[in-house]
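Undergrad: Protein sequence lines, in the order shown, are assigned to chains A and B. The first sequence begins at -16 in this note's numbering and counts up one residue at a time. The second sequence begins at -16 in this note's numbering and counts up one residue at a time.
A portion of the hints provided could be inaccurate.
Chain copies aren't distinguished; within one or between two, either way the pair holds.
[What the hints assert, rightly or not] With a straight-line Cα cutoff of 20 Å, these simulated DMTMM-like cross-link-like pairs (lysine to aspartate or glutamate) come out:
no.	residue 1	residue 2
1	Lys343	Glu700
2	Lys5	Asp292
3	Lys438	Glu277
4	Lys426	Glu31
5	Lys350	Glu708
6	Lys707	Asp345
7	Lys45	Asp235
8	Lys343	Asp704
9	Lys727	Glu31
10	Lys707	Asp348
11	Lys238	Asp633
Hint data in this document are derived by calculation from the structure and do not stem from the laboratory.
The primary structure of each chain is shown beneath.
2 protein chains.
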Amino acid sequence: MSTDMQKESGYDAWLHYHRYCKAENLPAWCRVIVIQAADEVLQTAAAELQLGLTSMFGQQPKICTTPVSAPFITLGTFREHSLAAERFSAEEQAEVNAEGYRIRGIEVPEPAHSAFHSKADPQGSYVTVAGQTTKGVLYGVFHLLRYLQGGLDGKLKPATEESLQAPILDVLSNPANPIRMINHWDNMDGSVERGYAGASIFYDNNAFIPNMDRLRDYARLLASVGIQALSINNVNVHDVETKLITAAFLPDVAKVAAIFRAYGIQIYLCINYASPIELGGLITADPLDPGVAEWWQAKAREVYTAVPDLGGFVVKADSENRPGPFSYGRDHADGANMLADALRPYGGRVIWRCFVYDCKQDWRDRKTDRARAAFDHFQPLDGHFRENVILQIKNGPMDFQVREPVSPLFGALEATQVLLEFQITQEYTGQQRHLCYLVPQWKEVLDFDTYAQGKGSTVKRIVSGALYDKSASGSSRRKAGVHEGCGGFQEAQTPPLLKPANYGFAAVSNIGADANWTGHLLAQSNLYGYGRLAWDPELSADEIADEWVRLTFSGQETDDGRADLINSIKQMLLDSWNIYESYTAPLGVGWMVSPGHHYGPDVDGYEYSMWGTYHFADCQGIGVDRTIATGTGYAGQYFPPNADHYESIDTCPDELLLFFHHVPYTHTLHSGQTVIQHIYDTHFEGAERAARLKDTWISLREQLDETMYEQVLERLEHQADHAKEWRDRINTYFYRKSGFADQKNRPIY
Amino acid sequence: MSTDMQKESGYDAWLHYHRYCKAENLPAWCRVIVIQAADEVLQTAAAELQLGLTSMFGQQPKICTTPVSAPFITLGTFREHSLAAERFSAEEQAEVNAEGYRIRGIEVPEPAHSAFHSKADPQGSYVTVAGQTTKGVLYGVFHLLRYLQGGLDGKLKPATEESLQAPILDVLSNPANPIRMINHWDNMDGSVERGYAGASIFYDNNAFIPNMDRLRDYARLLASVGIQALSINNVNVHDVETKLITAAFLPDVAKVAAIFRAYGIQIYLCINYASPIELGGLITADPLDPGVAEWWQAKAREVYTAVPDLGGFVVKADSENRPGPFSYGRDHADGANMLADALRPYGGRVIWRCFVYDCKQDWRDRKTDRARAAFDHFQPLDGHFRENVILQIKNGPMDFQVREPVSPLFGALEATQVLLEFQITQEYTGQQRHLCYLVPQWKEVLDFDTYAQGKGSTVKRIVSGALYDKSASGSSRRKAGVHEGCGGFQEAQTPPLLKPANYGFAAVSNIGADANWTGHLLAQSNLYGYGRLAWDPELSADEIADEWVRLTFSGQETDDGRADLINSIKQMLLDSWNIYESYTAPLGVGWMVSPGHHYGPDVDGYEYSMWGTYHFADCQGIGVDRTIATGTGYAGQYFPPNADHYESIDTCPDELLLFFHHVPYTHTLHSGQTVIQHIYDTHFEGAERAARLKDTWISLREQLDETMYEQVLERLEHQADHAKEWRDRINTYFYRKSGFADQKNRPIY
């Protein structure tokens, strides 16, 4: 693909580094990069910096290992690079955690940054990017590139050629979460489960794709937003994928690991719990069987011989027909710990998914409640897991619906490490044919206060480990004038945490072999946003949208139109989740999608299924009674006061009303509207708003590259049409079922 | 497969020829078969007779071409075989049509058969099977074998060893329909569209299956029930199948044709209407374009060079996204006639399907009515088609639902030849996992009086051509003492119709590569029944079931249990359609199945689709208003008095009420029950009756081969469970929607 094609198609995403500075104005400090004797990751950092600067300024900076007399940029760790060490005090260095960084520019104006005096003199003035580790330095380099490209200086224009001469930069940034992971649901036949952006970039025809160039490009995207862990195969491990941990595929796994290692990313493999039977010829996979444990120990030795820094195994067990310890009368702790013991000698982790429920439920049975399942299965096991086991918990109790309450398992595990699982791929949120910027949804989850240990026990503090880390100072380290910051997992004093704790984020990838990675170009914002949020959950949805739009559309704008372009696209993103929610399943009840592929409206699609996903609509009312008093008792899985808020129909928030209560259509919401009229109103308005997304985009036509314009337009046109289909099917369903007319007499069929 | 395995698995179906006579009791006349100088089909007839006799009697009869002094069987045509000619008078011979036969036994008792004196003397006594053609003789041989195996003498036992010595047989049988066709919806990748009995027996991996032995076994089954036409590929002609009419595949087509030719069966190919573009590189497939016509003429020459007796082409055009003449502003007559002209020099036919409707309907649009489509498209074209064009019309206006009215196109075409299309494969009737003997449904269609030319204008007389054949004597030629008879297409005098007219039956096959051909062993009865009915529409569902059960289960019984076995299985068959209907979509409204695969209940599965298949249920009522007065006007497509009967809610039969009318749930049926209570009652009862099918089968366990018992039991158990699912989903749907309680207070959810 030519460079032009890449830019136009969106292949370069937020790393396309639009050139905006004439070569003759190139700032002096951008002509030389001085690095320490480099490991692989630092070499990557230098090369990325060189690439970005070359693209933006039209001249390739030199990379050298000794200081020059002219201004320069220098990269290195405090410990191994004297230029880095001398730029920051011991205290300043100690504030950086294992994967954090500091950046200091040539000048620091008074008085805001009085603590950080520039030590550069005019002859040897330099910009420093430094960290405890070269990974930290790499992340710092991407920060610097974002700054230079996006003009992240609070103005709506990129850094000007003038301001570039003496950059005002003094940054401390630590990732809040030690684990920042992406899960690929890629199958080796080349398909991607719940993939909406083409085929797998890893596999085809039951083998690894021979040309792995694209994996490197993917690693760049991930590292640029701080992702450092990647599981490369579907959690549903089928026959061929079961063999990934055998000699048949380990050499290829090692090749992939090498590509991502250069970008500071550890890979993980999803394993089949029945491997001892399917691969080993044993008659059991019972975790307490000594032969099984030995088999896994030998397997771990083999796997780590091939890939010494493998992150570990991701396991979906006893879930949706996958094998697991239940088959042998064992529990999840038995299952996970046996694997953990096998991986421990190599520093490997077991990431054990909590998506366990009865997927053969009888729809006639109103007592069983899938929402309860994760808590009921795992809360009693709290404290039973090894220290290299991490439980991966989906954000909500069901399955990535457009609206769910937060999983009550967050906060319910005090002595067990957890990962929060989001879904970047838009399985239930429009499948990258509808626009749905998910960061606002994720923010609500992260900011949710579980009250697990009193007020302030937010999900973000639970999943970063901060809530349980008595030595950590708290959730936010943001300081005045410092753009980014925060961090929960760092220890208070040196030495910093070089072996981070096992907490953080995981999320299902939304990328595939489509030229623009995500099918819908604007869906790139979700991958970007996920990475940024995993680094810093304090960032707002607006800030992240702003960054992503600036980086992605830089070079598209005229000077006059840029503010309009950025604000318009940003507003499209920020509105999109609410728009999508408004024309799909109402008031938190979820589902109402076509079974199987999950695309498009089907109100009763899951109503009579075995999946535990019901709305119970009849001619009188709708909703699931999950109260303690008269329902499934799910509300009682929350700490007070959340439990009480959800239990009471008076305090339950409107947007979750039907998740917790079965109410008549005539029930009046806090909004003052009845449930049935709310359904009609939101669906009519939602479809109109979806159409306006398209209109907004059309209004930006002159400012956009044609191919980018066209590819997004096609999706937005589909969305506008499909939103009408949603509107009419949902409204008609409820009109036919309830008999209530729309107060505004709009067409319902 | 060993012979034992075959019998147990059901592979031999109704041709398994159970041995029931000791060799020493072998009747003398069964020891020698005397045939005329034989063509291929007569050789087949002799070989089949030899095979059957050997199997039943344990001794292989000799085949010779000259009479012997002992009793014998002789086979031949009146014209070429003097033994056949001398046994029947000129008048008797003239009563036989092109594919009919006469059989005369050794003795004919007085007085019932006074017209048929035996001409055999004790020394040279013989049984004669004769016809105008060797195909007729072949069908006569299968008749004789049925008689010998099944004891089709009106008693419940097989022909006794005593009665065999001098068989009482004097049969005249003519097929009512000149075309008796099976359509295969087989794809060359080995899949079968709407196939429920395993993979294709014709194709695998985009090629013909190398070992064609099974095709010969299939030809035997078909010929034994009088099938003489077979289309071998799916009417939806995909890329690879488009090439069947090219040198790539014609040699294989010729091989297949040869196999079926030996059994008197002509093969047909389904063609892609866009072939001139896809194969010929033309820029159009416009039927009025001279280049297109020339392309097809050359193609016909090529195809008929490879397969000189190819039956012709079957065409699905302008239907469900298939290409057709509409693309060029032409009509179906233009399209069909152009192909017909190309095939005419070779005696080929064009079978043009009338399954044409708008498959992109907007569900909001209540004016468009898919049921109207076939009539609206084709009735105006009556008389516009060439004489070698046949329109193939599905039995109902929709698509093979468990209950539909008869297509109003039957009788509406006075000057156009037609085929009636049934669906043997149980797409909408339980997919061969539920028992559904379809002959009773087909009988209702055949006996339906269209009143097209006054009373007596039954569908069976329309599709046999009899209604339009002023020279034919009528629909039934059954005579006292003659087991089979009837025939509409034969001419009154000699010479008989050697080139039959283009009328008859077609049906979608239900067979596949499963060992027992049809998945559900009892579903063999539908293939058998279809063939028998195509031969003689006067046969009752009961008679056909009786034949099939005797032939299939002969040898299973003890003497004591045989009557019970036959009656029990026969009753299961006869009840099964009504049972299936009772627990599925009610009162003729149809659909309510899962979209796509069409299996299992989904009341709203097609309610908001583009397929034109709606029930319009709301909280007040249900049904489609197809009246002239207030609805789509579909009822007006029938001749009076049918139109009036359907138009009026008072005279519309209950079982079709919701097909023609939208009524409140409180509407009282002719049965005296309300619609809603009828729904509840039939669904509760239907599920109970389905469970009783299983119980009946279990009661027969001792009399059945174990493998046959087990394979059917597994299906009946599934059916009993699945019928409960249907019951509960349908009942719950309507209870939730209507709010009406069951009068008997049975569990609804």
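Undergrad: None of the hints should be skipped; say for each whether it holds.
TA: Now for the hints, and whether the structure bears them out:
1. For a Cα distance limit of 20 Å, the shortest separation of Lys343 from Glu700 across copies, 19 Å, qualifies, whereas the shortest one inside one copy, 38 Å, does not.
2. Taking the shortest alpha-carbon separations for Lys5 and Asp292, neither the intra-copy value of 43 Å nor the inter-copy value of 79 Å comes in at or below 20 Å.
3. Neither within a single protomer nor between protomers do Lys438 and Glu277 lie at most 20 Å apart by alpha-carbon distance, with minima of 46 Å and 84 Å respectively.
4. Taking identical chains as interchangeable, the C-alpha atoms of Lys426 and Glu31 are never at most 20 Å apart, the minima being 30 Å within one chain and 78 Å between chains.
5. When the C-alpha separation of Lys350 and Glu708 is checked against a cutoff of 20 Å, the pair qualifies only between copies, where the shortest distance is 19 Å, while the shortest distance within a copy is 33 Å.
6. Taking the shortest alpha-carbon separations for Lys707 and Asp345, only the inter-copy value of 12 Å comes in at or below 20 Å, while the best intra-copy value is 33 Å.
7. Taking the shortest alpha-carbon separations for Lys45 and Asp235, neither the intra-copy value of 34 Å nor the inter-copy value of 69 Å comes in at or below 20 Å.
8. For the homomeric pair Lys343 and Asp704, the shortest alpha-carbon distance between copies (15 Å) is at most 20 Å, but the shortest distance inside one copy (35 Å) is not.
9. In this assembly of identical chains, the alpha carbons of Lys727 and Glu31 never lie at most 20 Å apart, being 58 Å within a copy and 76 Å across copies at closest.
10. In this assembly of identical chains, Lys707 and Asp348 lie within 20 Å of each other by CA distance solely across copies; the values are 15 Å between and 34 Å within a copy.
11. In this assembly of identical chains, Lys238 and Asp633 lie within 20 Å of each other by CA distance neither inside one copy nor across copies; the values are 57 Å within and 77 Å between.
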